[in-house]
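Residues per chain, in single letters:
Protein chains: 2
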Amino acid sequence: MLFLVGAGLSEGGLTEEALELLKRKQVKVYAEKYTGWFGERIPDLEDKLGKKVTMLERSGLEDNINSLVDQAKKDDVAVLVSGDPLVATTHKIACIEAKKADVKVKVIHASSIVGSAIGESGLDFYRFGQVCTIPAWSEHYKPVSFYETVEKNLANNLHSVLLLDYDPKVGSIQPSYAADLLLQAEKRYKKGVIKPSTRLIVLHNLSLDGEQKLILTVEATKTLRMGQGPTIMILPAKMSEVEKESTAAMLGV
Amino acid sequence: MLFLVGAGLSEGGLTEEALELLKRKQVKVYAEKYTGWFGERIPDLEDKLGKKVTMLERSGLEDNINSLVDQAKKDDVAVLVSGDPLVATTHKIACIEAKKADVKVKVIHASSIVGSAIGESGLDFYRFGQVCTIPAWSEHYKPVSFYETVEKNLANNLHSVLLLDYDPKVGSIQPSYAADLLLQAEKRYKKGVIKPSTRLIVLHNLSLDGEQKLILTVEATKTLRMGQGPTIMILPAKMSEVEKESTAAMLGV
Chain A
1 MLFLVGAGLS EGGLTEEALE LLKRKQVKVY AEKYTGWFGE RIPDLEDKLG KKVTMLERSG
61 LEDNINSLVD QAKKDDVAVL VSGDPLVATT HKIACIEAKK ADVKVKVIHA SSIVGSAIGE
121 SGLDFYRFGQ VCTIPAWSEH YKPVSFYETV EKNLANNLHS VLLLDYDPKV GSIQPSYAAD
181 LLLQAEKRYK KGVIKPSTRL IVLHNLSLDG EQKLILTVEA TKTLRMGQGP TIMILPAKMS
241 EVEKESTAAM LGV
Chain B
1 MLFLVGAGLS EGGLTEEALE LLKRKQVKVY AEKYTGWFGE RIPDLEDKLG KKVTMLERSG
61 LEDNINSLVD QAKKDDVAVL VSGDPLVATT HKIACIEAKK ADVKVKVIHA SSIVGSAIGE
121 SGLDFYRFGQ VCTIPAWSEH YKPVSFYETV EKNLANNLHS VLLLDYDPKV GSIQPSYAAD
181 LLLQAEKRYK KGVIKPSTRL IVLHNLSLDG EQKLILTVEA TKTLRMGQGP TIMILPAKMS
241 EVEKESTAAM LGV
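These protein sequence lines are chains A and B, in that order.
Counted the way this note's numbering counts, the first sequence spans residues 1 to 253.
Counted the way this note's numbering counts, the second sequence spans residues 1 to 253.
If you're looking for bench data, these hints aren't it; they were derived computationally from the structure.
Nothing here was measured: the structure is a model prediction, and the numbers come from that model.
Take the hints with a grain of salt, since some may be wrong.
Because identical chains share one entry, a pair is satisfied inside a single copy or across any pair of copies.
[As the list claims (entries may be wrong)] In silico EDC-like cross-links for lysine to aspartate or glutamate, where the CA-CA straight-line distance does not exceed 16 Å: (1) Lys106 <-> Asp209; (2) Lys244 <-> Glu97; (3) Lys100 <-> Glu219; (4) Lys51 <-> Glu20; (5) Lys106 <-> Glu211; (6) Lys238 <-> Asp44; (7) Lys100 <-> Glu245; (8) Lys244 <-> Asp124; (9) Lys74 <-> Asp102; (10) Lys25 <-> Glu151; (11) Lys48 <-> Glu20; (12) Lys51 <-> Asp76; (13) Lys48 <-> Glu17; (14) Lys244 <-> Asp70; (15) Lys100 <-> Asp167; (16) Lys23 <-> Glu62; (17) Lys52 <-> Asp76; (18) Lys104 <-> Asp180; (19) Lys106 <-> Glu57; (20) Lys99 <-> Glu245; (21) Lys187 <-> Glu245; (22) Lys169 <-> Glu17; (23) Lys187 <-> Glu219; (24) Lys195 <-> Glu219; (25) Lys48 <-> Glu16.
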């Protein structure tokens with residue numbers, strides 16, 4: 001059997017159900033390297049579980065699906081993933097491959113960064129539109145489709161979660177860079193969606209040491225740099241009165 | 001200090017961080033009655049924590065915010081809520097009131113039903129639009145705004161999460177009833193958004209005993225009845241090839 005186990009956002013984020021499973025003697029535990037809080041805490045985790053945790057090298061689960069599914073035909077195999085499983089396409093592909101091989105899959109859920117960010121922003125859960133990603137640009141590939149998502153969301157008076165492109169070795173792209181890309185996208189589309197005065201909520205290291213929650217303009221975000229931990233941004237639509245109060249309370253402003 | 005503690009979706013859904021906090025001798029623990037898996041498991045939870053857990057009667061946190069915030073001025077007070085905190089407006093109001101009273105708040109996140117439902121559906125996380133609720137109708141109040149949300153989502157080729165109105169004493173409204181309201185809304189709007197052949201994903205008792213995951217037409221849902229546990233539905237937009245495979249694997253069809 002194959003278990004996809006959510007590790008949540010911080011060291012204490014494993015659920016009781018997850019811990020019970022991972023501690024079972026016959027369960028072999030793997031963890032995706034570079035992603036999630038456990039990347040650097042494997043020795044602590046091994047102590048806690050009383051067993052070896054094997055790191056999945058290279059791109060983690062993705063490159064190892066077939067061998068893991070193969071092993072799960074006879075053994076109980078648990079793969080620890082960051083946040084909540086099944087958000088990443090890779091996890092779904094693991095389920096598809098397992099099904100093809102007639103291997104059962106069980107998912108153990110945990111808190112996810114998007115869910116936590118929405119909650120911590122103080123904004124109304126029911127007023128979020130489609131999520132989008134601000135990807136790092138390369139010399140020949142400068143995607144701006146996030147602009148269209150934000151535009152549609154704002155047209156429907158909906159808030160937008162902006163995921164920041166994440167490189168496991170360096171962390172999220174900097175808010176300063178993301179703000180610059182938002183403004184560059186505006187220059188390309190010229191629809192007035194992003195202004196220097198547009199407000200952003202920036203959430204860094206949620207549930208981790210050094211958690212930071214800020215609300216500031218795109219202009220001010222242009223100089224905002226954070227540490228290596230995960231960062232996520234929200235571009236709010238027009239806030240209701242309750243949302244204004246709630247955001248102020250949640251962000252401590 | 002006031003702690004809002006997510007209980008997750010099932011008895012094993014408390015995180016290590018949450019359990020550590022709740023077990024601390026000086027922390028007074030309250031729980032919202034009628035909501036969440038812990039409603040009926042309080043004696044087990046008390047055994048596990050080695051202390052009394054006080055049920056919040058009537059509408060739970062909502063009617064008790066002021067007295068809890070007042071108590072949190074001098075004591076450590078933890079309130080156990082279903083799923084992930086801060087999704088419900090009540091939790092945000094508690095944060096606002098705490099801030100007014102100069103009481104610090106800490107939130108401990110857990111898995112939420114919406115996040116889990118999106119993952120378990122096999123659909124692409126990035127292709128979900130605004131969430132909506134199908135509310136129970138009364139003689140004089142028959143809201144159909146969910147239809148407009150689904151319409152907008154489908155126009156943008158986005159999936160819709162349909163929350164089913166929840167009465168703590170009887171559970172979610174039945175899928176059969178929700179399907180009927182979808183069709184009645186169609187009769188009112190006549191825009192061809194909901195057809196008898198429109199497919200729905202129905203997720204019942206996620207992460208609990210008796211978990212059920214189905215994909216079926218609105219017509220077939222008209223006769224679908226579930227037990228008292230939480231039920232949530234998803235109305236998918238046009239699925240990609242990977243989504244079709246993934247949904248088939250996740251739903252076991």
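Status of each hint after checking the structure:
1. In this assembly of identical chains, the alpha carbons of Lys106 and Asp209 lie at most 16 Å apart only when taken from different copies (13 Å versus 31 Å within one copy).
2. Taking the shortest alpha-carbon separations for Lys244 and Glu97, only the inter-copy value of 14 Å comes in at or below 16 Å, while the best intra-copy value is 46 Å.
3. When the C-alpha separation of Lys100 and Glu219 is checked against a cutoff of 16 Å, the pair qualifies neither within a copy, at 50 Å, nor between copies, at 30 Å.
4. Taking the shortest alpha-carbon separations for Lys51 and Glu20, only the intra-copy value of 13 Å comes in at or below 16 Å, while the best inter-copy value is 22 Å.
5. For the identical chains of this complex, Lys106 and Glu211 are inter-copy neighbours only, at 12 Å across copies versus 31 Å inside a copy, given an alpha-carbon limit of 16 Å.
6. Taking CA atoms no more than 16 Å apart as the test, Lys238 paired with Asp44 passes in neither setting, with 45 Å inside one copy and 45 Å between copies.
7. Taking the closest pair of Cα atoms, Lys100 and Glu245 come within 16 Å of each other only across two copies (10 Å); inside a single copy the shortest separation is 51 Å, beyond that limit.
8. For the identical chains of this complex, Lys244 and Asp124 are intra-copy neighbours only, at 10 Å inside a copy versus 31 Å across copies, given an alpha-carbon limit of 16 Å.
9. With identical chains, the CA atoms of Lys74 and Asp102 are at most 16 Å apart within one copy only, with a shortest distance of 11 Å there and 56 Å across copies.
10. For the homomeric pair Lys25 and Glu151, neither the shortest alpha-carbon distance inside one copy (52 Å) nor that between copies (50 Å) is at most 16 Å.
11. Taking CA atoms no more than 16 Å apart as the test, Lys48 paired with Glu20 passes in both settings, with 11 Å inside one copy and 15 Å between copies.
12. Taking the closest pair of Cα atoms, Lys51 and Asp76 come within 16 Å of each other only inside a single copy of the chain (14 Å); across copies the shortest separation is 35 Å, beyond that limit.
13. In this assembly of identical chains, Lys48 and Glu17 lie within 16 Å of each other by CA distance both inside one copy and across copies; the values are 14 Å within and 14 Å between.
14. When the C-alpha separation of Lys244 and Asp70 is checked against a cutoff of 16 Å, the pair qualifies neither within a copy, at 52 Å, nor between copies, at 23 Å.
15. In the homo-oligomer, the alpha carbons of Lys100 and Asp167 never lie at most 16 Å apart, since the shortest distance is 31 Å inside one protomer and 40 Å across protomers.
16. Taking the shortest alpha-carbon separations for Lys23 and Glu62, neither the intra-copy value of 24 Å nor the inter-copy value of 39 Å comes in at or below 16 Å.
17. Taking the shortest Cα distances, Lys52 and Asp76 sit within 16 Å of each other inside one copy (14 Å), while across copies they are farther apart (37 Å).
18. Taking the closest pair of Cα atoms, Lys104 and Asp180 never come within 16 Å of each other, the shortest separation being 45 Å inside a single copy and 35 Å across copies.
19. Proximity of Lys106 to Glu57 under the C-alpha cut-off of 16 Å is found in neither arrangement, the shortest distances being 23 Å within a copy and 35 Å between copies.
20. Proximity of Lys99 and Glu245 under a CA criterion of 16 Å is satisfied inter-copy only: 10 Å between copies versus 48 Å inside one chain copy.
21. Within a single copy, Lys187 and Glu245 get their C-alpha atoms no closer than 33 Å, and across copies no closer than 39 Å, so neither meets the 16 Å cut-off.
22. When the C-alpha separation of Lys169 and Glu17 is checked against a cutoff of 16 Å, the pair qualifies neither within a copy, at 30 Å, nor between copies, at 27 Å.
23. Taking identical chains as interchangeable, the C-alpha atoms of Lys187 and Glu219 lie at most 16 Å apart only when both belong to the same chain, with a minimum of 14 Å there against 48 Å between chains.
24. In this homomeric assembly, Lys195 and Glu219 come within 16 Å of each other (Cα to Cα) only inside a single copy, at 8 Å, whereas the closest approach across copies is 47 Å.
25. Within a single copy, Lys48 and Glu16 get their C-alpha atoms as close as 13 Å, and across copies as close as 12 Å, so both meet the 16 Å cut-off.
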